[in-house]
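So the sequence lines, in the order shown, correspond to chains H and V.
Residue 32 in the numbering used here is what sits at position 32 of the first sequence, and the numbering runs on without skipping anything.
Residue 159 in the numbering used here is what sits at position 159 of the second sequence, and the numbering runs on without skipping anything.
Hints listed in this document are in silico derivations from the structure and should not be mistaken for laboratory results.
Just so it is clear, the structure is predicted and the values come from calculations on it, not from any experiment.
Treat the hints with care, since some could be wrong.
The list that follows gives simulated cross-link-like pairs (lysine-lysine, BS3-like), each with its CA atoms no further than 25 Å apart [claimed, not checked]:
1) H:K121 to H:K146
2) H:K42 to V:K241
3) H:K42 to V:K277
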Amino acid sequence: MISKKICMLGAFAVGKTALVQQYVHSIFSDRYLSTVGVKISKKDLRLDGQEFSLVLWDLEGQDIYAEVNISYMRGAMGFFVVADGTRRETLDIAIDLRAKSLEMAGPVPHCLLVNKADLAKEWEISRQELEALKKDGWNIFATSAKTGQAVEDAFISLARAMMGV
Amino acid sequence: MSDDARHNTNDKRQHRHTKHSPDAENRPEPEDRELARLRSLLFQKELNMLHHLATQTKNRSTETEHLSRIIAEALILRANKDDNLDLALSPLVGKLVRSSLRTNRREFTDALFPLMGPTIRKSISESFRGMLGNFSKSMEMSFSWKGLRWRLEGLRSGKSFSEVVLLHTLVYRVEEVFLIHSHTGINLMQLADENIDVPDAGMISAMLTAIQDFVQDCLASGKEGNLESMQHGERTVMVEKHPLAYLACIVRGVPPADFREQMRSCLEYILVEYGDKLEQFNGDAAPFAACAPQLEKLLRAHFVDEDRPIPIWTKILFFLCLSALIGGLAHYKWKDYQTEKLLKEENARLLGISKNLWEAADRLRQEPGFVIFHVEPSDKDPWQIFGLKDKHARSPEAVLRESSHNPEAFGFRMLPFISYDPLMVRARIDETILPPETAQMRLHDGVLHLSGTATMEWIMNARHRAMLIPGVRDVDIKKISDPRMSAILAMIREVENTVVEFPSGRDTPIPQDLPKLNTAVDTLVNMEKLAGQMGLLVSMTIYGHADATGSPQVNYEISQARTKTIAAMLYSKGSSMPISIYGLGADYPESSAPKADQSHRRVEMRVRLSRAGDAPLDFLQ
Numbered sequence: 001m002i003s004k005k006i007c008m009l010g011a012f013a014v015g016k017t018a019l020v021q022q023y024v025h026s027i028f029s030d031r032y033l034s035t036v037g038v039k040i041s042k043k044d045l046r047l048d049g050q051e052f053s054l055v056l057w058d059l060e061g062q063d064i065y066a067e068v069n070i071s072y073m074r075g076a077m078g079f080f081v082v083a084d085g086t087r088r089e090t091l092d093i094a095i096d097l098r099a100k101s102l103e104m105a106g107p108v109p110h111c112l113l114v115n116k117a118d119l120a121k122e123w124e125i126s127r128q129e130l131e132a133l134k135k136d137g138w139n140i141f142a143t144s145a146k147t148g149q150a151v152e153d154a155f156i157s158l159a160r161a162m163m164g165v
Numbered sequence: 001m002s003d004d005a006r007h008n009t010n011d012k013r014q015h016r017h018t019k020h021s022p023d024a025e026n027r028p029e030p031e032d033r034e035l036a037r038l039r040s041l042l043f044q045k046e047l048n049m050l051h052h053l054a055t056q057t058k059n060r061s062t063e064t065e066h067l068s069r070i071i072a073e074a075l076i077l078r079a080n081k082d083d084n085l086d087l088a089l090s091p092l093v094g095k096l097v098r099s100s101l102r103t104n105r106r107e108f109t110d111a112l113f114p115l116m117g118p119t120i121r122k123s124i125s126e127s128f129r130g131m132l133g134n135f136s137k138s139m140e141m142s143f144s145w146k147g148l149r150w151r152l153e154g155l156r157s158g159k160s161f162s163e164v165v166l167l168h169t170l171v172y173r174v175e176e177v178f179l180i181h182s183h184t185g186i187n188l189m190q191l192a193d194e195n196i197d198v199p200d201a202g203m204i205s206a207m208l209t210a211i212q213d214f215v216q217d218c219l220a221s222g223k224e225g226n227l228e229s230m231q232h233g234e235r236t237v238m239v240e241k242h243p244l245a246y247l248a249c250i251v252r253g254v255p256p257a258d259f260r261e262q263m264r265s266c267l268e269y270i271l272v273e274y275g276d277k278l279e280q281f282n283g284d285a286a287p288f289a290a291c292a293p294q295l296e297k298l299l300r301a302h303f304v305d306e307d308r309p310i311p312i313w314t315k316i317l318f319f320l321c322l323s324a325l326i327g328g329l330a331h332y333k334w335k336d337y338q339t340e341k342l343l344k345e346e347n348a349r350l351l352g353i354s355k356n357l358w359e360a361a362d363r364l365r366q367e368p369g370f371v372i373f374h375v376e377p378s379d380k381d382p383w384q385i386f387g388l389k390d391k392h393a394r395s396p397e398a399v400l401r402e403s404s405h406n407p408e409a410f411g412f413r414m415l416p417f418i419s420y421d422p423l424m425v426r427a428r429i430d431e432t433i434l435p436p437e438t439a440q441m442r443l444h445d446g447v448l449h450l451s452g453t454a455t456m457e458w459i460m461n462a463r464h465r466a467m468l469i470p471g472v473r474d475v476d477i478k479k480i481s482d483p484r485m486s487a488i489l490a491m492i493r494e495v496e497n498t499v500v501e502f503p504s505g506r507d508t509p510i511p512q513d514l515p516k517l518n519t520a521v522d523t524l525v526n527m528e529k530l531a532g533q534m535g536l537l538v539s540m541t542i543y544g545h546a547d548a549t550g551s552p553q554v555n556y557e558i559s560q561a562r563t564k565t566i567a568a569m570l571y572s573k574g575s576s577m578p579i580s581i582y583g584l585g586a587d588y589p590e591s592s593a594p595k596a597d598q599s600h601r602r603v604e605m606r607v608r609l610s611r612a613g614d615a616p617l618d619f620l621q
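Same shape as in the complex, but just chain V (with noise of 0.2 Å):
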């Protein structure tokens, strides 16, 4: 209502209440006395009260006075019991609000400036706690592979699990935005996640400053261009600059690609809203605080979202992957299995060759003849084997060959040596004496045993080189001969039981046993001449004896003088042995027979061997 309008109504209120005025009723009609009387009467309490209130309502300085007495309580009191109030006064506080920012915005911005800053930092903070929390909870509360690896990780690298968790599924993070001046490169507003440490706003918005002009300097040659970003580990610091004022993001990650045209939109904004301020700014950064909720802007994060469905196509792709990756691990397993069993058939092989060749070479070892002492396997090449072989051993080939061993696996190292083993011992002898097919040689215990017969020559000379061949301690000859050594034995076991006996007193032989005499003779000298032809020498020694009649010196000469008669028979004969006689008289009577007894007066004959300037052959005998 305009004050035009109102002035007249107040007019005709004023009009109106002239009609009544207190004048007109000193005149009244006499019935309007009695009912104002009347009226008086009945309702004077009343009438007093109502002109009470209209007094009131007439003066506006009383109504005001009495309703500044009660309005707070008014208010108090419909606040609390029903919501009507601020229904009504919501838009009116909106209305003033938005005024007073217009008309009166420094004061705004210096009343509200104390408290913008912390509490947008608050509101930073809990936002990313929030996130933070959420990801650790969730991770904490799934014993997931992931998350214990992630928690080994923290534990690791002394990180906490919310740190560890952040680093892997932060895509980018904004962790601070600091707007600068940018000709005196003073920080005229800063936002942070307050758990992120700021040195000094001021100091490092000066450095920024400064590293830029240094690029600008060093790089740019006074051609116009700016430091966009910089580069740290994880970090990097993104540059928007305009000459009144420039934006750095500290980014944590990879920020999207969109992200530069917000931080230059944010710039415009600013520089549209606070380009007059940035102009003349002389070092108070008090008005650009209402800066803030741009800024908050661009502090921004992104998190790899764990929970978000999967397309369809990523799910196909997914599957192909697995399923490809199954397959390659199923036919990298059957290659695996393949590879395996050929490996181990291949083993098998070669453990059977390995074996086969071990068998061979202890097959050798076996062998009389040599001795083995070092095998050399080999993958390749034949196997190598170092030892000793006697001559007469069999060639290891032949050996190897006979146990059905391959030889051609193996290449010999062989030194010779001589070996005591009966069979090279036997060997050995075989090569050296050649025996008659009457002859038998047997080796025993190192010991030559020679058998059958052969010639006197033969087993002399077997006897010699027997005992030169190694492995041979001795040589047993008890069991050969030579024949006509036996029938010279045999003759002279003859002879030698031959005893010729004397008539008393004569040297000639009792006719009895002129025969035996004879015969005697004649096998000397048959035996001389066999002996002869053996190389033998035979002597002879001719024992006469006497009986014990007569004196001895008679008996000593009876006794060699019928010693002579047999020598002298001999000689008759031919024969041209040595002989020697010796006249024992009766010192040896033949028995206890009385000792005139013929048989005291004999003659006894003893036959030797012997070779020409030997010693007698006593062994044959």
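The shape of chain H in the complex, shown without the other chains (with noise of 0.2 Å):
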């Protein structure tokens, strides 16, 4: 089985964990979020045929006291990075963790994804603002940690870009 290591990121409290914590499965606590700043969780796809493992390390969100640690990404084949679409500010940081994610990791598959659809009214980044960075290239799903709207297509996605399939 090939096994890939993915990351996901973003700023605190926009629902990363909450958002995948129906499709992976983990034998670690939430408490290593925040002692090691890393909770391990892993996620097994079946995708033409193949079998992949996704072990998918959830790091501590970013807040003004402490910044992810990002040296967690180093050897990563694909990351996301998470958003809340009502707190414009998370986007901002989500694009700064982008960046930084793939200057340690080098060039990988990865996908922004903007939480919290449910609450598309709420929404303080708009459509437009996303619509530009699907032009330069940002792979963008909005999803619900709520109705798990769009979670399983973003890890299929992530998972397709790295198989180069």
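Reconstruct the complex from the two isolated chains, following the hints.
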């Protein structure tokens, strides 16, 4: 089986952990996030008849007090950056984290997950902004931890990109 | 044989064949023809078979086809027959496999991968199980104390017997080995005993990597350094790291010093063999499956070998220790015995002392004039005795000394009280009343009996004082007397026994009774003097009687006149005692004698003693 290390980064409280909770399994508790700064989960996928194992490194959220330990990105073969649609500043952080991640891990596939799609009316991030990012080559998914919208698609998309299929 | 050589040989065969071709036979000699004919007649059938065989031999494809039809059965047949086929094929197969591995390693790896992991795991598991089983079985079969103790420990802790045996006998055991890609943290290979529950090797590998990154970031501060081991309880995670890959071994117990060296060697081997693949690693762990035999070498265990022959020096040391232990134990027991003996003696001594002290206290209880209500023993200080003591009782020290007890061993807390013990009462009497030599005192049942003689004053005083003494309820003075009083009493009796008779009609006594009367009067006077010395008053009553002759009036008068005669005699002798006179006439005749009998005409005297102002001293009479 082919295994891939993927990371998930984002600002504090954008709902990263909640977003993937139903789609991955882990033997570690959330306590690891606040202690070691990372929580390992796993997502098994079957893509075009081939089985993949995505080892997901869920990195502690960045806030004004603590930055993401970007060294965990080392060796990542793909990553998600997560933003909260209802908080504009989280997109800025996501953009910043993306740049740092690419610097650390190299040009690896990645996706931007704009979370809280179920609260679309309250979004502070405009469609135009996202369209602009797409034009710059961003792969963007509007996801919802509450409804599970587009989460599976995001995993598949990232996996495809990593496998080059 | 080379192709050229093979070609030359064929040419030669061809050449020989050409020499015996049918064209040459078409030109036979006559005798040869006959011979040929004869040969044809005799061996035509065999010749045909030979020809057929020769044709087959010449035709390679036909031979191959024929061989293909029978080769399988032939091999089976031969294999069943003997081992020659194995001997023939084994080197060839080995050579083929080696050759194939050199050229097509990937295909071999891919083909063997599904088999290798489970096979190795099964092998490890069987190995551990065998080891444990042997231990467990040997322990179960033995009824040694150790076995029983471990069994009890298992029951107490809820662990299986095998686990307990393992815990006690295991020096170390490498339970799991991970080969992890350093850069990505992805698990490349993992081996473990199948009895060990490994949650998820992929996640464990990633977390191990994350923890190392975390420690590196937190502690190393950018400097080079590796987390080489982590310890949790009995387990240690030993890490041997290289930038491309690292080994993590989970070890229970304490591994030997060379184990890290072995890890390093294993990792170096892997780096040499798989360096390129590690550098180009893209997430596919399949190529690393072939590392399993190398990793398997790290999965080792070492148990305490109980059957190992014990070295001689160990035996000597053991016996020395045992001797020392026994010696120490014997010494300890001897000391213990001695101590116990001393203790017993001391206890006996203390008990003796204690018994003696209790006896002393009991002795004091029996002593008159004491009431002991509490004894307070003490190991160090004198025993305290609490109680009551009559002032006339002896001192407790004297009592104890008399009974050969040591009074120094006691402290006495005595309160005064009045004891009704006869001895104490008697002592109190003796203190209060000092009898004259002629008098005796005896106390019996609370009554003080006085006897002997003493002065009247003393008797009265003693009686009075004795009645005030606690414990004296009465005083008996019947047996004590004053000699003067006896004399007085004798005088009284004498006087009162004196009857003076009178002639008829006269108030002077008959002459015969005058001496008697004078004596009585003298006695009375003397008695009066004696009584006066004793502080007593003597008074007297004189009864005068007459006979029945004559008138009663006359009789009263005459009888009274007769009493006056006696009183006058007394006064004439100097008496001053009060005298009462009664003329009773003929009312009280002396007897039944005729009324004119002289005996009726008489005077009787009665004497009374009294203290001045007191009631008469009747009790003295």
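Hints, one by one, checked against the model:
no., hint, result
1, H:K121 to H:K146, "holds, 15 Å"
2, H:K42 to V:K241, "holds, 24 Å"
3, H:K42 to V:K277, "holds, 24 Å"
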